Amino acid sequence: MTAGTLFGLCAAVLIGFGLYGLIVNPHPLRKILAFNVVGSGVFLLFGAIAYRGAGAGMGGDPVPQALLITGIVVAFSATALAVALLLRLFDETGSVTLSSDPPPKSGDDTGAH
Amino acid sequence: MLTTSGGWLLLLAVLAPFVGVLAGLALGGRNAQRVAMLLLPVGLAVAIGIAGSLVQSGETVVYLLGGWAPPLGIALRADGLSAVMLLAIAVVVCGIGVYARADFGSAAGEPEQRASFVYWLLLLAVWGSLNLVFVSGDLFTLYVALELLTFSGVPLVCLDGKGETLRAALRYLLFALAGSLLYLLGAVLLYGGYGTLDIVLLGARVQPEPIAWAAATLMTVGLLAKTALFPLHIWLPPAHAGAPAAASAVLSALVVKGSWFLVLRLWFDVMPGVVTLPAAQLLAGLGATAIVVGSVVALRQERLKLLVAYSTIAQIGYLFLLFPLAFDASGSMLVHGAVLTGGLLQAVAHATAKAGMFMAAGLIYAALGHDRIADLGGVARAMPVTVLAFAIAGLALMGVVPSGAYLAKKLLLDAADSSGQWWWTIVLQGGAAFTAGYVVLVLTNALRRPAAPVKLVKRVSRLSEYAALALAVCSLLLAFAALGPVPSSFISNPLLPKELGPTLLVFLGGALLALGLSRRSLFGTGDTDGSMRRAAVAVGRGFEQTDAFLRRWPTAGLALLLLAAAFAWLMLSRSL
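Those protein sequences? They're chains A and B, same order as listed.
Mapping of the first sequence onto the working numbering: residues 1 to 113, in sequence order.
Mapping of the second sequence onto the working numbering: residues 1001 to 1576, in sequence order.
The reader is advised that the hints may include incorrect statements.
[To be verified] Computed cross-link-like contacts, EDC-like style, restricted to lysine to aspartate or glutamate with a CA-CA straight-line distance of at most 16 Å:
no. : chain 1 : residue 1 : chain 2 : residue 2
1   : B       : LYS1455   : B       : GLU1544
2   : B       : LYS1162   : A       : ASP61
3   : B       : LYS1162   : A       : ASP91
[Claimed, not checked] Residues of chain B placed beyond 12 Å of chain A at every Cβ, according to the derived structure:
no. : residue
4   : THR1060
5   : THR1150
6   : VAL1157
7   : ALA1187
8   : ALA1380
9   : VAL1537
[Said to hold, decoys possible] Derived DEER-like restraints, expressed as beta-carbon distance ranges:
no. : chain 1 : residue 1 : chain 2 : residue 2 : range
10  : B       : ALA1204   : A       : ILE69     : 23 to 33 Å
11  : A       : ARG88     : B       : LEU1038   : 29 to 39 Å
12  : B       : GLY1028   : A       : ALA66     : 32 to 42 Å
13  : B       : LEU1011   : A       : TYR20     : 38 to 48 Å
14  : A       : ALA12     : B       : ARG1114   : 16 to 26 Å
By construction, these hints were calculated from the structure, which means they are not laboratory data.
Fair warning: this is a prediction, and the values are worked out from it, not measured in the lab.
Virtual Cβ for every residue (Gly too), placed ideally from N, Cα, C.
Sequences are here, hints too, so could you generate the full structure?
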């Protein structure tokens, strides 16, 4: 197995974990973290593609690396915005659940407080 | 390929709004509004300039950033699609800007308000990001543009800072982020497979093979999540209904068009030969379901703004009907042509009419202090211009002759006939009746004689009323497209029996739907419901429960994955 394939597989695993968390976890903060895990997976995959597509005498294809930096900045801004919204939501309502229905008693759809 | 003579206009279309955002932020206070007001006509002029340059040269307007040609550099391009959308969005933004002066304007000497300061910056940011979506020439720039659009749309949802709207904004942001990551993953795969992200280069290089199918699937599903096509509409109703009207109009008329346009770009320009007819049928099938579910749930709403929000879900459904109709005769390739013109016309008609409708709903809310549909009686007498705007916007959405949506419908019907896909004929014709349903519901309530004279809690601005009316009328006037890109044989006298018949049928169907499904019985009290009405109400409740179930996070997430699997299967199955 080449290093490129290994990184690609790692990326696939990360994306899978992240998507699972994003869908299943009810807590918004964990969803934000899961988003970052998916993001890392995508960036890792892009890195692997850069590695595989390296030209003669170069360590890697520079275009994906340039795009990666931009992608990371975008993901960082998204995380910052989401966390800011989450903090405001907690300040306003005292809870951080995403469901607009009154919280069920067993707490299956609410976040931890 | 070189920068064309009008190329710098593309740069201006993107840069001007963002320079406005920065200038407004730096100058602070009331200056944000001044900057926005200054830029509205400038942006409109730029959009007209781009369209003019395109018509004059007859070729795509191109601007190469820094003079570097793709694949190394980045190109901005405006073809016919981009020019039409740029122009339409500029008109709608101007209308919304005039309308919003009453809500978010601050008078001299007033202390600075956060919402009215931020609103103008966000309006400009949405505009700039949309312009970038329309002119971007490569998939990564498009990703950045999409994210900018989301980042400027999300704060619009929670302008008032209340808990409920903050929650809606967070839901919107998280779901949209999931969508954009899927899009980015698809773009990354395309780069890995073909070594470029430039749309034109990719269009020439992409082959129907597994990596392209995977990319097409991921990008399409991600964009559908951002567009809120049924069943991925988890975030739309609370977000659009909770925001102030001037913001809802932006979200509903403009923001969802960005990701829709990208689906169009992807399917028609990047992978016309990769996507398959069955996949397009699934896409349009989702659209048809969106029309039915969105309209029925809209009829079941008690509040006007929620009704309009749910009707947006139905309108988004309409925009996806064009895909299976735009395939060539052998059904193997998507082609530019009359169907695409029709779809574009529909999008523009919806953008203008929807903005007008949300603005009218917002005015009614502001004037009455509530927007309960059952208590709208007498509002037509108190605010005739607003109700007229709502009615005209409704007619335009229905596609009654003559309107832009009517022409669009004609073009799509024509294609459905010639390609033998009769089922889309039914959807296109029947969809209008569903739209008529909620328009009839609102208008009967608004025209009803009230028990007590209506008390207006606030006088609304005349200018805002006329802005809403102007946008609604714009949507009707799109029928004049018959003079240009659409063959004039498509328009005929609305009073001829062959036109009048379907129109009356649409109204009749709409009235029946409204009678059967509305939350409160239209006539008399609810106690004396007949068995028909009881059955219809039960159906309506069923739709509501389905909608509530689908809008839960786990269900929506699962739907996202299932859709991805379905699209992948429908594309793969051709090669098996």
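Cross-check of the supplied hints:
1. B/LYS1455 - B/GLU1544: Outside the cut-off at roughly 32 Å; violated.
2. B/LYS1162 - A/ASP61: Not satisfied, since the Cα-Cα distance of roughly 47 Å exceeds 16 Å.
3. B/LYS1162 - A/ASP91: At roughly 10 Å apart (the allowed maximum being 16 Å), A/ASP91 and B/LYS1162 satisfy the hint.
4. THR1060: 24 Å, holds
5. THR1150: 8 Å, violated
6. VAL1157: 10 Å, violated
7. ALA1187: It is violated; B/ALA1187 is separated from chain A by about 9 Å at its closest Cβ, not greater than 12 Å.
8. ALA1380: 32 Å, holds
9. VAL1537: 22 Å, holds
10. B/ALA1204 - A/ILE69: 23 to 33 Å: 28 Å, holds
11. A/ARG88 - B/LEU1038: 29 to 39 Å: About 31 Å separates the Cβ atoms of A/ARG88 and B/LEU1038, which means 29 to 39 Å holds.
12. B/GLY1028 - A/ALA66: 32 to 42 Å: Given about 35 Å between the Cβ atoms, the range holds.
13. B/LEU1011 - A/TYR20: 38 to 48 Å: Given range 38 to 48 Å: holds, Cβ gap about 42 Å.
14. A/ALA12 - B/ARG1114: 16 to 26 Å: Roughly 44 Å apart at Cβ, these two residues miss the hinted range, so it is violated.
In summary, the structure is inconsistent with hints 1, 2, 5, 6, 7 and 14 from the numbered list given earlier, while agreeing with the others.
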